[in-house]
Amino acid sequence: MIAVVDYGAGNVASVVRALRHLGGDAQLVSDPSELLAAERIVFPGQGHFGQAMRQLEATGLGRALRQGIDSGRPFLGICLGLQLLYQGSDEAPGVPGLGLLPGHCQRFAPGLPVPHVGWQQVRAPFRSKRTGLENYDDFYYFVHSYYAPADGVAVTAVADYGLRFAAAVRRDQLCAVQFHPEKSGRAGLDYLAAWLQIR
Amino acid sequence: MHTVRLIACLDIEHGRVVKGVRFADLQDQGDPVELAARYDAQGIDELAFLDVRASDQGRDILRDLVRKVSEVLFIPFAVGGGLRSLDDVRAVLRAGADKVTVGSAAVANPELVRQIANEFGSQCLVVSLDVKRLDGRFALTSHGGRRDTGLDAVEFAKQVADLGAGELLVNDMDADGTRQGFGHDLNRAIVRAVPIPVIASGGAGKPEHFAEAVEQGGVHAVLAASVFHQGDFSIRDVKDCMLRRGIAVRT
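Protein chains in written order, with this note's numbering: chain C, 91 to 289; chain Z, 298 to 548.
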């Protein structure tokens, strides 16, 4: 079973439908013990960094997520689900993130419209090892106002919106993407299919 | 780099596409899911479903449609028409819509904009403005352009952006249906006034018009309906035109 974490925000149905479309047994899960019963964990994020962290800590889902990731289960964070892996974000000063990746998420500077809404080409970052998940040069759909740094550890793809930011990260079974693979057409479904192959 | 989005709008009544769809090879020309899949295959970046009747009975049908679309299409889509409350919004988002479009409800009650943004996030909220030029001002209208709200469209745009709208859809009621191009003066005024993405709507007649909306109006996305439905030109034609003129699009 693939647990799709539902903490009461955003369009989580689309993630479930995309995974099922690919033959995955995806279920919405809001209970920590159910989450730990799954073989794979998907953590879609939408909404506010601070509210999401408070919700995760209050429900025990935060602890279960850390435990699930530590156990080596294939994990996929999406959008805010990527940002929450970091130590914190400008969106909620003083609220610690899950802290699984070093670094801090920042807000796009004025100049280009924020939120960043649209399709963006992802590229290989410098010094990266190709993970086989992202198809470089393909377009993926992004909706976000905050971003994780492009030069952070484990960054496997970057995109450019006024500056370069992390489009995808991977460390062993821990994967996360700033784009929405469930809304990125063929390229997004290919990403999810490749993630489903991770053991 | 910012990539311009191309959006196809499908007007829905009782779960069916209205306004002539002329693709001869579609099995059922009124089936929104079939038409949406067609646009997806052609490379549309986003879809918008607008319930033109917006009756209570229509809302259940709309929710059903949203679910069907989200089971077969994996690109972003917005749903609008008659959404008046947080419950209405929650229902279509839960059914699988990525965004909602609110128009007259935001005019009647701007506070709704703040409530939706707080509850579901700005990323899922498009506020739609029907605008006409009256006595040298950009007048915000309601009821399909028939009623002047007395409000200034640019001021209203600023207000809803402050309240948490994620994007603005600017319907130029003077340009709508003319096929003479988008209203660059209006779009430019709105783009300059707000920090969020602006979608131009109304006036598309040929691929060059889409490029001009970006070059002269400064918009971040362009929406059209009938020119796509009637097959005057394809999504590809519009994107090729933009690329030739140095505008970044998803290919």
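Think of the hints as simulated: they come from the structure by calculation, not from any bench.
Do not rely on the hints blindly, as some may be mistaken.
Pulled from the structure, derived: some chain C residues nowhere near chain Z, Cβ distances all over 12 Å [to be verified]:
1. D121
2. L126
3. E147
4. T149
5. C169
6. P215
7. D250
8. K273
Derived DEER-like restraints, expressed as beta-carbon distance ranges [to be verified]:
9. C/P192 - Z/Q477: 27 to 35 Å
10. Z/R411 - C/G252: 25 to 33 Å
11. C/N225 - Z/A334: 17 to 25 Å
12. C/D115 - Z/M298: 34 to 42 Å
13. C/R276 - Z/E512: 25 to 33 Å
14. C/R276 - Z/D482: 34 to 42 Å
Backbone N, C-alpha and C fix where the C-beta goes; we use that ideal spot for every residue, glycine too.
Each hint, compared with the structure:
1. No Cβ of chain Z approaches the Cβ of C/D121 within 12 Å, the least distance being about 19 Å, so the stated non-interface status holds.
2. For C/L126, the non-interface assignment is confirmed: its Cβ lies about 26 Å from the closest Cβ of chain Z, beyond the 12 Å cut-off.
3. The beta carbon of C/E147 sits about 20 Å from the closest Cβ of chain Z, which is more than 12 Å, so the claim that it is off the interface holds.
4. Once the 12 Å rule is applied to beta carbons, C/T149 is consistent with being away from chain Z; the minimum gap is 18 Å.
5. Against the 12 Å criterion, C/C169 falls within the reach of chain Z, whose nearest CB is about 9 Å from its own CB.
6. With 12 Å as the threshold on Cβ separation, the claim that C/P215 sits away from chain Z holds: the shortest Cβ distance comes to roughly 16 Å.
7. The beta carbon of C/D250 sits about 5 Å from the closest Cβ of chain Z, which is not more than 12 Å, so the claim that it is off the interface is violated.
8. Not every beta carbon of chain Z lies more than 12 Å from that of C/K273, the smallest distance being close to 5 Å; the non-interface claim is violated.
9. In this structure the hint that C/P192 and Z/Q477 lie 27 to 35 Å apart at CB is violated, the actual value being about 55 Å.
10. The hinted range of 25 to 33 Å is satisfied by Z/R411 and C/G252, whose Cβ atoms lie roughly 27 Å apart.
11. Roughly 22 Å separates the CB atoms of C/N225 and Z/A334, a value that falls within the hinted 17 to 25 Å.
12. Evaluation of the 34 to 42 Å hint for C/D115 and Z/M298 yields a pass: the beta carbon distance comes to about 38 Å.
13. Look at C/R276 against Z/E512: about 30 Å separates their beta carbons, and that is inside 25 to 33 Å.
14. A beta carbon spacing of about 39 Å between C/R276 and Z/D482 agrees with the range 34 to 42 Å that was offered as a hint.
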